[in-house]
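Student: Now for the letters of each chain:
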Amino acid sequence: MIADILFFMFASILLAGSLGVVLSKNPMYSVLFLVLSFFNAAGLFLLIGAEFLGLLLMMVYVGAIAVMFLFVLMTVDMTQQDDDGKRSPLFVTLVLVTGGVLLFEIIISILAGVASNTRLSEFVATQSDVQNIVQLGQVLFTNYVYPFIAVSMILLVGMVGAIVLTHRKREGALKQDISEQIGRTREESIEIVTPSLGKGIS
Amino acid sequence: MTMMNEFNWHFYSAGIAEIFVMVVCLVLLVAGAFSHKSVEGKFVRNLTMLGLLGALVMVVGHIPEVREFAFPVVEHAMPSGAMVSLFVNDKFTVFLKVFIILSAMLSLYLVDDYMTRKKTRKYEYDILILLSVLGAMIMVSAADLLMLYIGLELMSFSLYILTAFHRKEAKSSEAGLKYFILGSIASGLLLFGMSYIYGLTGETSFDGLQQAFASGIAIQDAAMMLTFAMVLFITGMAFKISAAPFHMWTPDVYEGAPTPVTAYMAIVPKIAAMGIFVRVLFEPLMYMADQWQQIVIALSILSMAVGSLMAIVQNNIKRLLAYSSIANIGFMLVPVATASIHAVDEAMSYLLVYCMMTLGVFAVILSLRLREKYVERIEDLSGLSKTNPSVAAALAILMFSLAGVPPLAGFMVKYQAFKVGVEMGLTWLVIVAVLLSVVSAYYCLRVVKVMYFDKGSEVYSPEVPSQIRFIMWAMVALVVGFGILPDTLFQIPAIIQQSLMDATTFNG
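Residue numbers (the numbering used here), protein chains in the order written: chain A, 1 to 202; chain B, 1 to 508.
Misleading hints may appear alongside valid ones.
[What the hints assert, rightly or not] Within a straight-line C-alpha distance of at most 30 Å, the following computed DSSO-like cross-link-like pairs (lysine-lysine) qualify: (1) A:Lys169 x B:Lys455; (2) A:Lys175 x B:Lys178; (3) A:Lys175 x B:Lys171; (4) B:Lys386 x A:Lys169; (5) B:Lys373 x A:Lys169; (6) A:Lys175 x B:Lys118; (7) A:Lys169 x B:Lys449; (8) B:Lys37 x A:Lys169; (9) B:Lys42 x A:Lys175; (10) B:Lys119 x A:Lys175; (11) B:Lys373 x A:Lys175; (12) A:Lys169 x B:Lys419; (13) B:Lys178 x A:Lys169; (14) B:Lys42 x A:Lys169.
[What the hints assert, rightly or not] Computed footprint of chain A on chain B; a stretch qualifies when at least three of its residues, placed anywhere within it, have a C-beta under 8 Å from a C-beta of chain A: (15) 124-132; (16) 142-151; (17) 297-303; (18) 484-495.
Calculated from the structure, these hints are not laboratory results.
Every value quoted in this text rests on a predicted model; they were computed, and no experiment measured them.
Backbone N, C-alpha and C define an ideal beta-carbon position, used for all residues, glycine too.
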């Protein structure tokens with residue numbers, strides 16, 4: 001019962017959020033609507049017992065990708081472009097055709113699902129006593145430890161690559177050199193002068 | 001589950017070389033970051049060489065008599081009771097790994113002079129080479145589509161970065177970007193094919209796939225979809241070995257990348273990709289041979305035609321080598337296209353000799369400078385026989401070998417490849433190959449003609465670094481030596497072919 005209520009709540013907000021992404025004129029609002037949709041999609045994943053996918057969606061899509069969108073939007077000039085509302089007929093047909101095909105596919109797959117009487121929850125491997133994060137962890141760190149580590153090497157290559165390809169020495173940049181600071185001696189930093197009377201140090 | 005909780009060294013010992021290279025990469029990253037600027041290049045270079053040498057010793061020191069597995073997937077056992085592993089070690093992988101590590105070491109020797117002159121020396125170069133060697137090793141040892149993909153990506157990512165290594169040169173950055181985008185598309189196709197194969201058979205391991213295909217259930221139920229998946233898979237692999245019609249990236253990337261990177265890229269990824277391509281075709285996909293044979297024949301003919309014909313009009317020697325590598329991949333695919341496992345050794349010995357010739361030619365290119373700039377145009381070679389006769393002689397021998405002139409190694413491997421093609425009944429393919437190899441002789445001999453018969457007045461920068469000279473003459477010696485004594489050349493591939501055959505009979 002509660003699950004049903006939650007499902008309809010998440011689903012309706014998800015749909016509304018997705019509409020907001022497409023319909024809002026301000027791209028900033030679009031991204032924020034996108035974040036809202038991600039959260040609700042994550043909620044749907046949690047409902048069917050795929051908590052790992054749900055958390056992944058929140059961490060990767062909200063935490064990394066949506067934030068990156070925001071950064072990009074903020075660095076881009078945000079002056080609103082006037083929309084005269086005119087669309088070329090080719091564009092409209094293209095949109096209608098692709099949209100129609102997608103809608104058709106969705107309807108077909110739903111009908112096929114109804115016909116074969118499979119429930120969505122059957123696709124998610126749920127053992128009642130073990131969470132699937134634990135299950136994934138058990139598999140990743142035992143049987144699949146080799147690909148797991150190898151993938152980490154790929155990430156390392158990405159990091160090294162980003163540094164190699166973009167890092168450069170800037171001329172005249174001030175940088176703290178701690179050993180130099182500590183290594184200063186009294187002799188090279190302090191000079192004792194004896195100014196003569198009434199003249200001061202010149 | 002009980003086995004899983006115990007640490008069993010036996011599960012990992014076959015993959016010791018990979019683990020070692022992985023650790024060396026990590027240590028070197030830290031060592032390079034903390035060592036002093038004035039010594040870091042040399043320091044990291046020496047340690048990289050030591051690391052590669054260590055990996056070589058580990059690979060050679062343990063040549064398995066029968067196939068060995070490592071990193072078993074404990075819970076996933078085959079019906080026969082054998083455990084499914086992610087990693088396989090047999091004579092085939094040992095051969096490829098030795099070949100990969102030696103090529104990487106030699107190509108690292110080519111770098112010093114070039115990078116010092118261009119003032120782009122960074123210690124990360126060595127680490128990226130090492131990482132891509134690691135990727136290549138993981139790839140050739142893969143016993144599972146998953147590991148194949150991960151190894152391939154590790155190798156390719158390092159190469160994308162190395163291609164764009166001279167980031168201040170527009171050409172290098174452009175080549176890097178092009179390679180990255182096209183490579184990603186190819187990986188996508190490969191992954192798409194793999195996911196279909198997994199979806200249709202429920203297996204990703206090579207052994208499991210072989211059994212699934214052997215039982216014929218998978219083939220009957222979804223023959224169309226499986227063929228489709230296989231086409232996608234072969235497309236992805238064909239991109240990596242730059243076989244036409246998936247060769248578009250090769251000339252631009254070869255031209256734009258820094259020359260030592262091109263030398264590396266023309267060799268190591270080809271060895272790894274060709275090796276695993278052959279393994280996949282003859283192990284998991286051996287029962288689909290009827291289907292993939294046509295594709296490989298098409299790839300072979302197109303590669304030979306495109307490579308040989310397009311090389312004629314090239315003016316830049318790096319582009320010429322790119323097209324020559326496409327053509328050579330085509331010749332290499334002739335024995336593979338027979339779909340007979342008895343032809344694998346011909347393909348492998350061709351690969352071996354192709355790598356020697358290519359490395360030698362790149363050593364020559366890296367040793368020639370005109371007005372303190374590296375020679376890239378073919379006209380710039382004019383009169384080389386007068387100004388620098390020894391280098392001209394070396395390049396001439398290598399070019400004759402590439403053209404397939406007896407008694408050089410290039411002729412021997414081509415002859416063997418064509419012979420096995422005729423024996424296996426692909427006479428028409430061999431006739432096409434022979435005709436196109438005549439065409440490919442033209443562009444090779446044109447280089448010789450420019451060097452020996454065209455007048456040149458330019459003076460080359462005289463000094464050739466001793467390391468480069470050593471590699472150049474070593475490769476010339478190998479090409480001549482194997483040409484005179486071809487039996488030694490074919491011994492090793494024959495052994496590895498036997499190991500591949502043992503594997504297929506063992507499971508089938």
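Student: Give a verdict on every hint.
Tutor: Hints, one by one, checked against the model:
Restraint check for lysine 169 (chain A) and lysine 455 (chain B): the C-alpha separation of about 46 Å exceeds 30 Å, so the hint is violated. Between lysine 175 (chain A) and lysine 178 (chain B) the CA atoms are separated by roughly 36 Å; this puts the pair beyond 30 Å, and the hint is violated. Pair hint lysine 175 (chain A) plus lysine 171 (chain B) does not hold up; C-alpha atoms about 33 Å apart against a cutoff of 30 Å. For the given pair, lysine 386 (chain B) sits about 45 Å from lysine 169 (chain A) by alpha-carbon distance, which is inconsistent with the 30 Å threshold.
Under the criterion of a C-alpha separation no larger than 30 Å, the hint pairing lysine 373 (chain B) with lysine 169 (chain A) is consistent with the structure, at around 26 Å. Proximity of lysine 175 (chain A) to lysine 118 (chain B) is assessed by CA-CA distance (about 27 Å); at most 30 Å being required, the pair is judged to hold. Note on lysine 169 (chain A) and lysine 449 (chain B): the hinted pairing is violated, with a Cα-Cα distance of about 47 Å set against a maximum of 30 Å. Distance check on the hinted pair: lysine 37 (chain B) and lysine 169 (chain A) sit about 13 Å apart at the alpha-carbon level, within 30 Å; holds.
A distance of roughly 26 Å separates the Cα atoms of lysine 42 (chain B) and lysine 175 (chain A); the hinted pair therefore holds under the 30 Å criterion. Our distance criterion of 30 Å between C-alpha atoms is met by lysine 119 (chain B) and lysine 175 (chain A), whose separation comes to about 24 Å. Taken as a hint, the lysine 373 (chain B) and lysine 175 (chain A) pair is broken in the structure, with Cα atoms around 36 Å apart against an allowance of 30 Å. A threshold of 30 Å between alpha carbons decides the hint, and for lysine 169 (chain A) with lysine 419 (chain B) the separation of about 58 Å lies outside it, so the pair is violated.
Straight-line distance between C-alpha atoms of lysine 178 (chain B) and lysine 169 (chain A) comes to about 27 Å, which keeps the hinted pair within the 30 Å bound. A threshold of 30 Å between alpha carbons decides the hint, and for lysine 42 (chain B) with lysine 169 (chain A) the separation of about 21 Å falls inside it, so the pair holds. Under the rule that three or more residues need a Cβ within less than 8 Å of chain A, the assignment of the stretch 124-132 of chain B holds, with 4 such residues. Restraint check on the stretch 142-151 of chain B versus chain A: 4 residues with Cβ-Cβ distances below 8 Å, three needed, restraint holds.
Check result for the stretch 297-303 of chain B against chain A: violated, 0 residues qualifying (beta carbon to beta carbon below 8 Å, three or more required). With a cut-off of 8 Å between beta carbons, the stretch 484-495 of chain B has 0 residues touching chain A; three or more are needed, and the interface restraint is violated.
In summary, the numbered hints that this structure violates are 1, 2, 3, 4, 7, 11, 12, 17 and 18.
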